[in-house]
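Using the sequences provided together with the hints, build the complete structure.
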Amino acid sequence: MIERIRCSGMAKSLIGSELASFVKQRQAKQVRMLRQAHGIAPRLVIIKSQRASDVINTYVRIKQRYASDILIDVDVVACEQAAMAGAIEAANADPTVHGIVVQLPLDEPDATDEIVALVDPTKDVDGLGPQAVFGSATAEAIDWLLIGHDINLSDAAIVILGRGRLVGRSLEQLWQARGWHVQAYDRRHRPSDDELCKADVIVSATGAAHSLTSAQVGANAVVVDAGTASEDGAIVGDIADELYERRDISLTPRKGGVGPLTVTLLFEHVIQAALQRASKKSEP
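Taking the working numbering, the leading residue of the sequence shown gets 1, the next gets one more, and so forth.
No lab work stands behind these hints: they were computed from the structure.
Be aware that one or more of the hints could be misleading.
Under the rule of at most 20 Å between Cα atoms (straight-line distance), these lysine to aspartate or glutamate pairs were calculated in the DMTMM-like manner [said to hold, decoys possible]:
id	residue 1	residue 2
1	K24	D69
2	K281	D110
3	K255	D54
4	K12	D200
5	K255	E242
6	K12	E242
7	K255	D73
8	K255	D232
9	K12	D150
10	K12	D143
11	K29	D73
12	K12	D194
Computed beta-carbon distance windows for the label pairs [claimed, not checked]:
id	residue 1	residue 2	range
13	D193	E245	16 to 24 Å
14	D150	A82	45 to 53 Å
15	E18	E245	39 to 47 Å
16	D150	D75	32 to 40 Å
17	C197	K281	33 to 41 Å
18	D110	S154	20 to 28 Å
19	R51	Q176	34 to 42 Å
20	C197	E114	34 to 42 Å
21	E242	E89	44 to 52 Å
If you're wondering where the values come from, they're calculated on a predicted model, not measured in any experiment.
Glycine is no exception: its CB is placed at the ideal position from the N, C-alpha and C atoms.
Listed below in structure tokens is the structure:
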């Protein structure tokens, strides 16, 4: 069984924003070093649909603000899906670009695999392509979050709800590679409430608003909300409001959980790509 966090009469909040802020300070120093010592300005290109939703545009602005804080340049390319291949090709060929993000979902989701696979693996900082050098930013963010809160998963019964590209599938692969006990379910094969109640750790990444209820979560469980949905113009998660009233579980807050660390990991990858470029630049 997992070495559970003891809640002492109140829920343990798995805050990610504090760790993200700590890492961000180190990243800012690295970027200054790259600019001053190597003459390299880390640069990210975000390619999105011209018809991107308000939710998607909010995520893009969050990335832009974070980048501005640590002096990373960001270019946003809004185009029709038919033009995305050309935009990716141009960014791939540009030596001043260190990271490329294809902002999902696309207008035609069936083409996602084809479009994402076009990104240069060394610039795929979201870690979504089949040959990406970097891991999934969101999956790594969840991993960092739990490690940062001293949660030992080696003997835990872990359930991942949702096997999407951005979160579930990548996290399943990451944790299974460590030999951990992971069961992942897509929307068509959701476990019963009784099965969920037996889980030590639940990561919900379905994108179905408020779909994880208190009846599905056992005492002392660790719950990570990695889902996003739009409800009345606001961004909401998978966790039902009633779970926040529990005092016997550990869970991510409505804001400041996985999201801030995902952005941090994305730019961690951009910086690593720029550092690799600096290393090659200094070679005789």
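Evaluation of the provided hints:
no.: 1; hint: K24 <-> D69; verdict: holds (9 Å)
no.: 2; hint: K281 <-> D110; verdict: violated (39 Å)
no.: 3; hint: K255 <-> D54; verdict: holds (18 Å)
no.: 4; hint: K12 <-> D200; verdict: holds (14 Å)
no.: 5; hint: K255 <-> E242; verdict: holds (16 Å)
no.: 6; hint: K12 <-> E242; verdict: holds (15 Å)
no.: 7; hint: K255 <-> D73; verdict: violated (26 Å)
no.: 8; hint: K255 <-> D232; verdict: holds (17 Å)
no.: 9; hint: K12 <-> D150; verdict: holds (12 Å)
no.: 10; hint: K12 <-> D143; verdict: holds (17 Å)
no.: 11; hint: K29 <-> D73; verdict: holds (15 Å)
no.: 12; hint: K12 <-> D194; verdict: violated (23 Å)
no.: 13; hint: D193 <-> E245: 16 to 24 Å; verdict: holds (18 Å)
no.: 14; hint: D150 <-> A82: 45 to 53 Å; verdict: holds (48 Å)
no.: 15; hint: E18 <-> E245: 39 to 47 Å; verdict: violated (23 Å)
no.: 16; hint: D150 <-> D75: 32 to 40 Å; verdict: holds (39 Å)
no.: 17; hint: C197 <-> K281: 33 to 41 Å; verdict: violated (55 Å)
no.: 18; hint: D110 <-> S154: 20 to 28 Å; verdict: violated (38 Å)
no.: 19; hint: R51 <-> Q176: 34 to 42 Å; verdict: holds (36 Å)
no.: 20; hint: C197 <-> E114: 34 to 42 Å; verdict: holds (40 Å)
no.: 21; hint: E242 <-> E89: 44 to 52 Å; verdict: holds (48 Å)
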